[in-house]
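Listed below, chain by chain, are the residues.
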Amino acid sequence: MKIHNTRGGRIFDAVNYVFLSLIGIITLLPFVYVFAGSFATEAEITRRAFFVWPEQFTLGSYEYIFATPAFVRALVTTILVTAVGTLVQLAFTVTMAYPLAKKTLRGRNVILSLVVFAMVFSGGMIPTFLLVKDLGLLNSYWALILPAAINPFSLIIIKNFFQELPAELEESAKMDGATEIGILWRILLPLSKPVLATFALFYAVGIWNDFMSPLLYLSDNSKWTLQMYLRQVTAASDLLGTGNVDPNYIPPEQGIKFAVIVVATLPILIFYPFLQKHFAKGMLIGSVKG
Amino acid sequence: MAAPVIDTLAGERVRKSAPAPRNRGRFSVHFAHYKWLYLLLLPGVVYFAVFRYAPMYGVSIAFKDYVPFLGVNGSPWVGFRNFEDFFANPDFPRLLGNTLILAFLNLGVAFPLTIVLALLLNEVRLSILKRTVQTLVYIPHFLSWTIVASLSFLLFALDIGPLFQLLNTVMGTNIDFLSDPAWFRPLIVLQEIWKNTGWGTIIFLAALATVDQDQYEAAIIDGAGRFRRVWHITLPAIRSTIIVMLILAIGQMLNTGFEQIYLMTNALNREVADVFDTYVYFVGITQGAYSYSTAVGLFKSLVGIVLIFGTNWLAKRFNQSGLF
Amino acid sequence: MIRRKLSLAAAVATATALTLTACSGGDTPAADLTSVIIMAPFLEAQPPSADGAVQKKLEELTGKQVKINWAPNASYEDKTNITLAGSDIPQVMVIQTKSPGFVKNAQAGAFWDLTDKLDKYPNLKTTFPDIQKNASVNGKVYGLFRERSPMRTAVMFRQDWLDKLGLQPPKTVEDLYKVAKAFTEQDPDGNGINDTWGITIPKWGALGTNSPYDVIEEWFGAGNRWTERDGKLVPSFETDEFLQADRFIKKMVDEKLINPDFATFDPTKWNEPFFNGKGGMIVDVDSRVSVLVNLFKQADPNNFQNKVGFVGNLVGPDGKLHAHPTDGYSGFLAIPKASVRSEAELDKVLQFLNTMNGKDVAVLLNNGIENVNFTVQDGKAAAIKPETPEGKAVSTDIKSYAQLGMNVAGNQFYPVKQPSDYEQQVFDKRTDVMAQDLKSAVYNPAAPYVSETYVAKGAQLDNIVADARIKYLAGQIDEQGLKDAIKLWDASGGNKVKEEINKLWQDNK
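Residue numbers (the working numbering), protein chains in the order written: chain A, 1 to 290; chain B, 1 to 324; chain C, 1 to 509.
Okay, chain A solo, but in the shape it has when bound:
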């Protein structure tokens, strides 16, 4: 695609590129510090306010974390639960969004209103807990997936996206004899890749970062997810200065905090670039012509 660039356009590009690079650096730098800190000793972290590489390299923090099989198990568990959970949640959401995209469907507005309502109102932590318990989901990984199966916000956006797709696609498919489900599966979904990728990311991050659900629903220690450990390590030292902490407690070294943050964050950071492949432009070219 030839882009004829004016002089103004070229200046804009240059400024834009520099600006965005700066933004990239500003957002990256703190994480670099955390990453570097995870390889540093407590003494160095205390001594140096900010650095991007430790003078005294140590693996002590990572050794501490990975020493117990419990942590590694939590890492693997979290990855699995996130993968399965994302698929389940996405499936629930898409199957509900597609019908709701049809304005001629009766009951649509009522259902949508209820969805929006549920986005803002909630029964609260304890009633939801009692429900999960009554459903027999306590201590099961499904308790981490099902209660959040559909995020109303995601549902609405995906529905809107389906609404925007050209009608010809469906019409021509119908004339070829396709069923509703067939249309959804074979035509709309492939076209919706950017949106699906986006919400796969959102759901995945939601499950990955969820700390409350494992806390409330998983009483069996061997089933814990990564966030429990992360929260545990970072929240404890935040209580200093409130007098709320057991006096015998000495907070974990900062290096350990950093290491846990790195381990709990890195997988998701790597996940996104894979999804970016689906953000290629011009997905609709060639699908509807004339």
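Think of the hints as simulated: they come from the structure by calculation, not from any bench. Each hint should be verified, as a subset may be incorrect.
[What the hints assert, rightly or not] According to the in silico footprint, chain C covers these stretches of chain B (three or more CB under 8 Å from chain C):
(1) 53 to 63
(2) 68 to 77
(3) 157 to 165
[Claimed, not checked] Below are the DSBU-like pairs computed for lysine-lysine, each with C-alpha atoms no more than 30 Å apart in a straight line:
(4) C:Lys79 / A:Lys133
(5) C:Lys56 / C:Lys67
(6) B:Lys130 / A:Lys193
(7) B:Lys130 / A:Lys102
(8) A:Lys193 / B:Lys35
(9) C:Lys337 / C:Lys320
(10) C:Lys56 / C:Lys380
(11) C:Lys140 / C:Lys380
(12) C:Lys67 / A:Lys223
By construction, the Cβ of each residue, glycine as well, lies at the ideal position given by its N, Cα and C atoms.
Once you've looked at the hints, dock chains B and C against the given chain A.
Here is chains B and C on its own, set in the frame of chain A:
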């Protein structure tokens, strides 16, 4: 003759063959025709009924003096007392003011910036730069507010923080940003921008990815410059996304988030820092008061729903697509 | 593992079934308790494993199957409430603080009232009746309190700076001022630049949280949160001594003897100025002394012995020592009524807890397993070096198991032997100084009492005074402004709090 290109899936379809079932007429006929759609709808509806609506009785906690041991039903009923306490509290006007001001600042500053950033990223044609910055820019979203606060303390530290020195030199002042009430809100908004703008661009970038490239080519041939292309093609293409995001953001307006503000609050800026969420936290630790926080939450939800339906209606009046 | 869980489940089911049948009548003797479920917080990065050596030994020593539900201490209060709202309630729950949430549940009947029930169990009869009273709710004892050393206040300083300037460790608050001034003005690190100060105080200020402010105010004689004046209890901030103390602190702030960003300084970085040679003194808990020593040791293992010095509480301007204690306890072990239904069952659980508080279990929970991770040398627990994998597993686990320690009759376990002679000296000195200061401890007379108005709005009320104190120190308001804030506290509900506390105090004298 084919219908014009704007006809969407959601619109009414005109067929040459059998007439499509209207919205009038018997439901059973309607249902039979659309049965596959209703089938697809079923899992979702069941989900909402079970996981979202069944626990809704918990809302009654706002009207009780809830003691976890006694359960929801066993806890004594107090009617509107929690709400009265909340509204009659002498701090209420201040809390309301602080919450609203922060909300509007976030909406007015952070929200547009998200769109601007998405547009800027979209204009990058050097793929490697675009993808790198896109990935980097949402990293802060994953760092906890504790880290953000620590960084802020570092950067704005009295006398020695780099940003402290930079800003004060440029402005010729000697302001302690961390304790000066006038700088609390800008600091909070700045943190919010740094942490969440990148993440917020994801939705817009996904929407931008589906913009029809043919239109750009046509516009270039017509001699449109960069800015005009953005203004006349790009923005309108994502207009519905922007509106939906805006409506949803407005609906969430009163949720300022507790952690960020709590970390940045201190004795010297508390006047402007206290918002509903931090206040509920304070009451929470003294009362263990689920009732109180449920009542305040209920209040926020009511305001939120009114805002959502209100702005949605407004959008429809201006002939835009809304949530529905 | 599964078989074990099934047999455990069977045991619990049997026990429950038996106790249910036993409950049908009056106090028919319950079947013997074969298993106990405990809910406890853990503060480390990971909880102990259910089949670790410590767990096995615990069951051996108590003769019961002990299932511990470890919950992360972040959001432990939520977890407690969820558990109470549910139906699988453990027989023993560790409660971390006497929060009003807990008080509400207790007063609604969630937990057994153990007042007067404990004396017949030899290990549960406390040797600290004052602390037990502090831990009670208006006199009612709702659990076995977890004793934590009540005296922890220390003033730590850069010993090398003190030596360089030829000064003596401070004994009085006047000395504190002098040393702080010297540290600020006389270039103790010898680098020719005026870049040091006396005392570092971080962002802190809620009342009654053992902050440096609370400590100094107590040294001046203002009392500990509440104090008796003319036969009544008044909050400490309504005394003249409170104002005197704050004037003193303000003087130090104005003369730059305290870090200028005291209102915003990040508490997680408290060690930094001390370590980096900027702020020479810290007023905090004595365990921080060992943390600081350890930092210097990490940085330079050959030359760290002369960096950190400390003393205990300081004598006030009235010539007396008012030592500032903590409450002396850190929560308690409560027994929910929903899972322990009769007096007979309660007796069994208390017997179990009695064993838990005996010497053998205390050593297990706090020291570990002899000859696996420690040996006894001179009455101290010396860690076995080099650490074997089994030893490491045990020493990691006990950090969490120690949460179950009640120690209501004092520490039955061995003190830990420190890694080097110097550190042992420091540790011993800490113990001595604290024991000495404990004799002059001034407790909070209102600690056992829960005022309804305080439960409803206490935290906000306290903020009025706490914030005013900081603003006064920062120079944003003058002393009249501080006094006005105190009056505002009174008018906004503080007067009711005073009434209620005084009534409770009188009734329970």
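Outcome of the hint check:
no., hint, verdict
1, 53 to 63, "violated (count 0)"
2, 68 to 77, "holds (count 4)"
3, 157 to 165, "holds (count 3)"
4, C:Lys79 / A:Lys133, "holds (14 Å)"
5, C:Lys56 / C:Lys67, "holds (11 Å)"
6, B:Lys130 / A:Lys193, "holds (19 Å)"
7, B:Lys130 / A:Lys102, "violated (35 Å)"
8, A:Lys193 / B:Lys35, "holds (26 Å)"
9, C:Lys337 / C:Lys320, "violated (47 Å)"
10, C:Lys56 / C:Lys380, "holds (24 Å)"
11, C:Lys140 / C:Lys380, "violated (36 Å)"
12, C:Lys67 / A:Lys223, "holds (16 Å)"
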